[in-house]
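Line by line, the protein sequences are chains D and P. Residues are numbered in the numbering used here as their position in the first sequence, beginning at 1, plus a constant of 7. Residues are numbered in the numbering used here as their position in the second sequence, beginning at 1, plus a constant of 162.
Treat the hints with care, as some may be off.
[What the hints assert, rightly or not] With a Cα cut of at most 25 Å, we get these calculated BS3-like pairs of lysine-lysine: (1) P/203 to D/219; (2) D/68 to D/219; (3) D/268 to D/251; (4) P/203 to P/252; (5) D/219 to P/216; (6) D/278 to P/216; (7) D/268 to D/293; (8) P/260 to P/203; (9) D/291 to D/219.
[What the hints assert, rightly or not] Chain P residues, not near chain D, derived (Cβ > 10 Å throughout): (10) 194; (11) 234; (12) 252; (13) 271.
Just so you know, the hints here were simulated from the structure itself, not pulled from any lab data. Yeah, the Cβ is synthetic: ideal placement off N, Cα and C, and Gly gets one too.
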Amino acid sequence: MTNALEITNLSKSYKGFHLQNVSFNLPTGYIMGLIGPNGAGKTTIIKTILNLVMKQEGSIKVFGLDHQKEEVAIKKRIGFVFDTPAFYPHLNLKQLKNVVAPFYEQWDNAVFDDLLDRFTLPLNKPLKQFSRGMNMKASIAISLSHHADFIIMDEPTSGLDPVIRREMLDVLRGIMQDENKSILFSSHVTSDIEQAADFITYVNQGQVVFSKTKDDVNESFAIVKGGNELLDTNTAKNFVAVRKGEFGFEALTADLNASKKIFGEQVVYDKASLEDIMFFHNLKFKSTN
Amino acid sequence: MKIIISNASPEPIYQQIGTQIKTQIISGELVEGAPLPSIRKLAQELHISVITTKRAYEELEKEGFIDTVVGKGTFVAIQNMELLREKKMKSIEDQMTKLVQEAQRMGIDLTELQEILTILYTEND
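Kindly produce the complete structure, drawing on both the sequences and the hints.
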């Protein structure tokens, strides 16, 4: 299995913010969702991959190539979509196409026209009159029209209504019918990631908390609920974090089978949503800092 | 082929897919050599991860229900009739076990259960 993206020990410091030893891989042919609270480092990671932000340490390979030495070769095959589309607002899509297309050897007008049709985007309306959803779709249409093999998106669904978000996720799934394509997208809308991603990488405070397949996440994490009398320093070690209430505790386990061995039938095991997982990890971060 | 998955079920999704495909092979709805959708197509249709569908197919392949031919796709495997019959028997036994447990909970004794079975069996004959 080849990797579309390989990040190894990436570090980058700003004033008051550090990316620390970030490492994860995205195999070719899959969608990875990058989750984390605001300010966790998602956008910095994405910008570093694209070399828009200079890394300080570590290595990044895209299609197996160094992201700085082979930047031009890589970028021809990458499509990126940012949360605020960086296009000239006074142009319409027809004009914009004429500006963008010459940059790409692989530009395909037929694909572009087809996507505009599918997204019901007008050719002759200036972009400044587009809604947020339309702008997002326009960005995606452009990134797909040069046959990008790797699509990187920063918060592509933020600010979109649920109907358009679903449409977008369908488009992503459609792209993945081609096993040579890969997608990395960041979002703090966890349901989007739950619905579309094959791999989930969770970052918090500049560190990777985990990078796993969605199935692994679903099978290893769980919410455990039970009476407070079951909690002591020993059993609590089993949890990422615990929230104690008056009538019982609620905790996140990262190892469901281990918890079952300890607590058996005395407690209730619920599926942990990504939101639960983020919430409890945040509790842990708060208590250790 | 029909596959309905539930996100609320405690049974992992790859198992739900596996069980349903197996049931359809055993019941004869899916015949030998019938093509199955690609893992990517199935993932798209069911709105689940490619990794999940891949795992479901891998398990089915291990158990001998399906074959993957590189470059051609995935097909229902040629079933060993002995084996298939055994699998069907196993499936019947499983269902009967549930039935017996239910009957025992309700306090129905063996003779009564046998009577019900005889009536139903002859009615359907």
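Going through the hints against the structure:
no. : hint           : result
1   : P/203 to D/219 : holds (23 Å)
2   : D/68 to D/219  : holds (19 Å)
3   : D/268 to D/251 : holds (21 Å)
4   : P/203 to P/252 : violated (31 Å)
5   : D/219 to P/216 : holds (16 Å)
6   : D/278 to P/216 : holds (22 Å)
7   : D/268 to D/293 : violated (28 Å)
8   : P/260 to P/203 : violated (35 Å)
9   : D/291 to D/219 : holds (20 Å)
10  : 194            : holds (27 Å)
11  : 234            : holds (15 Å)
12  : 252            : holds (26 Å)
13  : 271            : holds (31 Å)
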